[in-house]
Each structure stands twice: as structure tokens, then as C-alpha cells.
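Modelling step: build the complete structure from the supplied sequences, incorporating the hints.
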Amino acid sequence: MAWDIPSETDSANTDLKQFHELGISILEIHSPPSSEVWNQIDSLEFTVYGNLNINFPVTNTFAQPDSSLITHIENNATNYLSQPSVEAIGLFNYGSVYNPNFWKAAASFAEKIKQARKIDLYHISRTTSQTDSSVVSFSIVEIPITPKNFDSPPIFSTNTGSYFYYAPSVEMKPFLRPFKNFVTAVTQSKNNTIFVDSGWLLTMIEEHPQFKETLQSISSTSEQVFPLPNENIPSPGNTTLPMILLLLAWGTVALHYNTSPLYRKSLFRYFTAHKFFIDDIFKRLIRSPVPAIIIILQNVLLLSISTYAVFSTLLTPMGQQAFFHHFPKLSIAGNSPMSIFVWTFLIIVLWSLLNIIWLYFSHNKIKSFTQIATVLAWPLQLNFIFCTAAITFFSASQSISATLFTTLGLLLFLFSYIFSALDISRFVRSKTKYLFKTIIPYTIIIAGLIVWFFTYDQWMEALTLALNLT
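Take the sequence shown: its letter number 467 is residue 467 in the working numbering, and every next letter is one higher.
Calculated from the structure, these hints are not laboratory results. You may find that some hints are simply not true.
Listed below are the simulated DSS-like cross-link pairs for lysine-lysine, each with C-alpha atoms no more than 25 Å apart in a straight line [unchecked claim]:
1) K283 to K367
2) K265 to K283
3) K265 to K367
4) K365 to K275
5) K104 to K118
6) K104 to K283
7) K180 to K212
See below:
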């Protein structure tokens with residue numbers, strides 16, 4: 001039982017008595033309770049696994065710990081070690097277990113705890129295969145249950161002594177059939193210990209009174225009896241928000257096309273008669289900034305939707321939680337893909353504005369921002385193709401294809417500055433001088449950002465951790 005300890009002592013003692021009646025023998029807690037609750041735990045003879053509650057650690061977490069982390073570990077470990085009912089301590093939850101350097105960093109803390117008292121250590125993970133037995137004795141493997149896998153939970157026979165933790169998604173929490181399938185799969189794996197969230201269990205007992213007898217039969221040695229109510233399990237599916245926003249974006253295209261003669265006449269001219277199109281712009285035959293502004297904003301919306309979709313499909317809810325744990329300043333709209341949507345929208349708007357200003361002040365003969373905005377905006381119309389494909393593949397649960405087309409859309413956005421600078425360079429006296437003021441420094445900046453992104457170890461390890469929490 002993964003017990004979320006109530007703040008009131010009476011409520012905690014009530015929970016303990018109910019757990020005892022259900023035949024539950026192991027409690028996994030994430031913070032030390034009060035002395036009164038410890039006494040009740042001892043009197044009912046529960047076995048306790050005390051978790052230090054260190055979530056989503058990477059190598060740097062243990063290799064270069066700050067004073068608050070050290071104090072947190074020392075205080076909680078000392079409290080757990082002083083209690084005879086505590087038989088194991090959880091060193092961390094959802095860490096970078098695939099990285100050997102991570103285990104080396106965590107080993108020093110493990111040794112300090114073992115020196116104080118000979119005790120087993122464990123960790124909570126999403127995988128059964130990546131555990132360093134010299135640091136921890138066993139793992140509690142969290143099994144996410146979703147509409148896609150509830151009929152056959154991903155539980156396999158293991159010799160590592162792992163225990164399994166039932167973790168239903170929000171859609172699956174109201175139903176009992178996924179839990180029955182989970183229990184059956186665990187039994188077939190020859191593992192007799194499972195963990196469930198106390199809040200979920202108590203809620204299900206309240207909603208389904210017969211479930212109490214089911215739990216008692218599961219925890220006893222008698223034959224398991226698991227009656228089920230009539231349940232309609234929801235079908236798997238992705239969020240519809242990206243598709244709704246995509247239809248909205250295409251709606252703006254139709255509206256713009258019907259209301260702007262200038263846009264209708266020049267829609268395909270950039271691609272079919274490029275030289276004449278650029279000449280018209282510099283002769284100021286296209287004077288209205290409205291079409292360019294609309295196209296740029298449409299591009300911002302499309303790229304934001306696609307990035308939202310890719311973030312949603314590549315990172316599970318647990319992965320998203322890990323991502324925002326390491327980058328809390330990005331969670332301006334909560335720990336959800338909506339924060340990524342907002343950040344993408346703001347960054348692309350700002351980047352587009354800076355590009356226009358840069359190109360404007362780099363060219364002595366340009367007299368209007370409209371000229372720059374139009375040259376910059378027109379190639380971005382290809383993103384209607386790339387982003388539509390990305391969101392379509394997202395809706396079809398094709399994450400690789402969705403990521404590919406989103407990447408193409410972002411690359412087109414970055415290269416639109418270079419395309420625009422090359423077009424504008426036809427109207428300068430010294431093309432080389434102009435390139436040194438525009439394309440060359442721009443390319444250096446982009447290359448520098450990419451190199452920094454892929455060589456900043458802490459960033460990459462945190463991102464890799466988020467991607468691995470499937």
C-alpha cells in the first residue's frame with residue numbers, strides 16, 4: 001500500500017485500522033508520520049517502507065547536492081532508521097537509472113544510510129531491467145494502466161525481486177476491471193506483492209462496497225473471488241485540441257483568401273514567379289502589411305500546435321511531470337503541454353519580430369517594414385502542409401511522423417530568415433558585406449544554440465529522463 005498519510009492523527013489511525021482489516025501488511029510512505037501514528041503502525045504490526053521522496057533525480061542531483069537536499073535526506077533517513085517497523089528505505093523515485101554515472105553518484109548516499117543501520121534500499125521506477133544491486137536491493141516498478149493496455153498490462157516475469165505498483169491513468173481510475181487484469185498479470189509473473197495508491201483504494205471501497213471482500217480474498221491464501229460491476233471502459237484516443245486549433249487556422253486562411261484581393265493575387269506568386277514577386281515588393285507594389293502579419297501569426301499558431309502535439313505524444317504524463325520538475329520556470333500554464341504551446345507561441349512571435357527588425361536595419365534602401373515582413377512571411381505558407389501533416393499523424397498516434405513534420409516546420413521557420421536575406425541581397429551594392437551583417441551572424445547564433453543544447457549535460461540528461469519515463 002502506497003499510503004498518503006492524512007494530516008490529522010485520527011484520520012491516519014482510521015486508515016491504518018481499515019488497511020489492517022483488509023489484510024494489508026506493507027505500507028510505503030513518503031514522509032515520516034507523527035509519533036502517535038508510528039505507535040499505531042507498530043501495534044498493528046505493519047511493515048514499513050520509508051521513502052525519502054527524492055523525485056526525478058539525475059546524476060547531478062547526487063553528485064553535487066545542495067544543502068537542502070542533504071538536510072532532507074539526513075532528517076528523513078534518521079527518522080526512518082529509528083523505527084523498528086521500517087524494513088526498507090526508498091532512496092529515490094524515477095531516476096536516471098539507465099546512466100552508470102547516476103548509480104555511482106547515488107552509491108555514496110546509499111553507503112551512509114547502510115553504515116547507520118543494515119537495511120535494504122529500494123527505488124521506484126518504470127523499468128525492471130535497470131537496477132544496480134550494489135546500491136539498492138529491489139525496486140518497485142510502477143505499471144501505468146491506460147485504455148491502450150488495460151487488457152494486457154505490461155508485466156513480465158522477473159528475477160530481480162521487483163514489486164509492482166498499480167498506476168491507472170485518469171481515465172482508468174473509476175474502473176475495477178483494469179485492476180483485476182493487473183492482479184492476474186502479477187500473479188502469473190509469480191510475484192505476490194503489489195502496491196496501490198491509498199486514495200484510489202479507499203475511494204473504490206466507498207463506491208463499490210463489495211470491493212472490500214475482494215481485497216480480503218486477494219490478500220489471503222484463499223481462492224481469489226473478483227466480481228465486477230458493469231463497466232464501459234473508454235476507448236484510447238489523443239486530445240482533440242490540436243485538431244480543433246488546426247481547423248481554426250485553416251478557417252483563417254479561408255477568411256483571409258475571401259476578404260483580401262491582394263492575398264488572392266499573390267498567394268502562389270512567391271513559388272511560381274519568385275523573381276517578379278520580389279521585384280514587386282521592392283517597387284512597393286505590395287504596400288499593405290495585413291497579409292504578411294496574418295501569415296506570420298498563422299505560422300506562429302501552426303508551429304505552436306505542432307509542438308504541443310509532439311510534446312504530448314513523446315512524453316507521457318509522468319515524463320511531462322519530470323520535465324517540468326527540472327525546468328519549473330517553463331510551467332507558466334501548469335505542468336502540461338499547454339505551457340509548451342504558450343512558450344512556443346511567445347518565442348516564435350518574438351523571433352519573427354527580431355528577424356524583421358534585423359533585416360530592416362541591415363539594408364539602407366528599404367523604406368518600409370512591410371517589404372521585410374512580406375518577404376519573410378511568404379515562404380512560411382509551406383508550414384500549412386508540414387504542420388497539417390504533423391497534427392494528422394499525431395491524431396493517428398504516429399509519433400515519429402508527427403515529430404518529423406514538426407521538425408521540418410521549425411527548420412523552415414529558421415531558414416525563412418536566410419531565404420529572405422538572400423532575396424534582399426539582390427538589391428545591395430556589396431552582397432558580401434550584407435551577408436556578414438545578416439546570414440553569417442545568424443547562422444553562427446543558430447549553430448551555437450544547437451551545440452549548447454546537445455552538449456549541456458544537465459539539460460540533456462533531464463530531457464532523456466523525461467523521454468524514458470514511458
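Against the structure, the hints come out as follows:
A C-alpha spacing of about 11 Å is found between K283 and K367, which places the hinted pair at or below 25 Å, so the restraint holds. Taken as a hint, the K265 and K283 pair is honoured in the structure, with Cα atoms around 17 Å apart against an allowance of 25 Å. Restraint check for K265 and K367: satisfied, since their Cα atoms lie roughly 23 Å apart, inside the 25 Å limit. Distance restraint check for K365 and K275: the Cα-Cα separation of roughly 18 Å lies within the 25 Å cut-off, and the hinted pair is therefore satisfied.
For a cut-off of 25 Å, the pair hint linking K104 to K118 stands: about 20 Å separates their Cα positions. Annotation: proposed proximity of K104 to K283 is violated, straight-line Cα distance about 66 Å (limit 25 Å). Distance check on the hinted pair: K180 and K212 sit about 14 Å apart at the alpha-carbon level, within 25 Å; holds.
Consistency note: the structure conflicts with earlier hint 6 alone.
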